[in-house]
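Q: Sequence:
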Amino acid sequence: MNLNNSEWNKKYLTIAYSETINGTEVDAEYLELFRSFIAKNKNHILTIDHPKYNEEKAYLECSKIIGFEIGINNPKVPLLASFMYAFIRLKYRDHLWAKGMALGQRLTNIKYAKAIDYKDDFSKIYNSFLTTYDVWITPVCSFEAYKHQNAGKPFTVNDKKIGYTKAIASFNFTTAFSGHPIVVIPIGKKKNGMPVEIQIHSKKWTDKKLLEIAQHFEKLTNGFEKPIL
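Read in order, the letters of the sequence shown are residues 398 to 626 in this note's numbering.
None of these hints come from the bench; they were simulated from the model.
Ideal Cβ positions, reconstructed from N, Cα and C, are used throughout, including at glycine.
Be aware that a few hints might be false.
What the hints assert, rightly or not - With a straight-line cut-off of 16 Å between C-alpha atoms, the simulated EDC-like cross-links for lysine to aspartate or glutamate are:
| id | residue 1 | residue 2 |
| --- | --- | --- |
| 1 | Lys586 | Glu609 |
| 2 | Lys516 | Glu466 |
| 3 | Lys557 | Glu426 |
Unchecked claim - Per label pair, the in silico range of CB-to-CB distance:
| id | residue 1 | residue 2 | range |
| --- | --- | --- | --- |
| 4 | Glu404 | Pro551 | 26 to 36 Å |
| 5 | Asn619 | His492 | 17 to 27 Å |
| 6 | Leu487 | Ser433 | 12 to 22 Å |
| 7 | His545 | Ser433 | 22 to 32 Å |
| 8 | Leu608 | Arg503 | 27 to 37 Å |
| 9 | Ala483 | Glu453 | 13 to 23 Å |
| 10 | Ser479 | Asn619 | 24 to 34 Å |
| 11 | Tyr409 | His447 | 38 to 48 Å |
| 12 | Lys623 | Asn470 | 37 to 47 Å |
| 13 | Thr411 | Ser433 | 17 to 27 Å |
| 14 | Ala483 | Lys407 | 52 to 62 Å |
| 15 | Lys616 | Leu477 | 14 to 24 Å |
| 16 | Tyr409 | Arg503 | 49 to 59 Å |
| 17 | Leu477 | Lys407 | 49 to 59 Å |
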């Protein structure tokens with residue numbers, strides 16, 4: 398495999414894009430900037446599309462694997478899994494993440510292997526989808542870059558309360574779980590001076606091609622602009 402081979406003819410791209418992932422709310426002004434960027438790619442083939450999978454199952458299995466790998470060297474403390482569930486559930490208000498992490502603490506090696514098998518199957522779903530297109534473009538999270546706040550505090554998006562992990566993890570846990578490459582580039586700033594970005598996803602082992610495409614997309618933006626804090 399030649400990782401220096403870009404496989405891009407520099408003429409046109411087949412681009413899939415999604416205005417959200419898993420139906421998660423996206424800030425209206427962010428979405429406006431996202432749509433404006435997509436419209437600038439009219440010389441390419443644009444399709445609204447996304448990978449098809451069971452979000453809850455994937456999120457739970459991902460959390461189980463993390464829970465197992467974090468807990469592999471933990472002392473065998475009674476009720477540790479229950480304490481972990483309660484801490485994550487109360488702090489982040491995320492039942493699935495808390496459940497997965499707690500179950501991961503108690504996984505046998507065989508069940509861990511089954512979770513890894515699911516991860517491999519999930520990765521194949523993503524890679525099959527990304528084989529159909531050169532890239533897939535999505536928002537990075539529900540809103541623009543934000544100032545530091547306490548972890549677990551809900552966000553307000555379009556006058557709606559949205560959970561801390563829902564607003565962020567919905568957009569990036571699948572990337573980490575499937576293991577495919579992405580590049581993030583800024584596409585503009587909101588009126589409040591804070592930048593918004595896009596994620597550019599591609600299939601495995603196409604890193605050089607992805608970086609070249611990202612550089613191409615950067616020409617359609619103002620590049621990095623220092624936020625107004």
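Q: Determine for every hint whether it applies to the structure shown.
A: Going down the list of hints, with the structure as the test:
| no. | hint | result |
| --- | --- | --- |
| 1 | Lys586 x Glu609 | 23 Å, violated |
| 2 | Lys516 x Glu466 | 14 Å, holds |
| 3 | Lys557 x Glu426 | 14 Å, holds |
| 4 | Glu404 x Pro551: 26 to 36 Å | 43 Å, violated |
| 5 | Asn619 x His492: 17 to 27 Å | 41 Å, violated |
| 6 | Leu487 x Ser433: 12 to 22 Å | 40 Å, violated |
| 7 | His545 x Ser433: 22 to 32 Å | 28 Å, holds |
| 8 | Leu608 x Arg503: 27 to 37 Å | 41 Å, violated |
| 9 | Ala483 x Glu453: 13 to 23 Å | 21 Å, holds |
| 10 | Ser479 x Asn619: 24 to 34 Å | 50 Å, violated |
| 11 | Tyr409 x His447: 38 to 48 Å | 21 Å, violated |
| 12 | Lys623 x Asn470: 37 to 47 Å | 42 Å, holds |
| 13 | Thr411 x Ser433: 17 to 27 Å | 21 Å, holds |
| 14 | Ala483 x Lys407: 52 to 62 Å | 54 Å, holds |
| 15 | Lys616 x Leu477: 14 to 24 Å | 52 Å, violated |
| 16 | Tyr409 x Arg503: 49 to 59 Å | 51 Å, holds |
| 17 | Leu477 x Lys407: 49 to 59 Å | 55 Å, holds |
The structure does not agree with the numbered hints 1, 4, 5, 6, 8, 10, 11, 15 stated previously, though it agrees with the rest.
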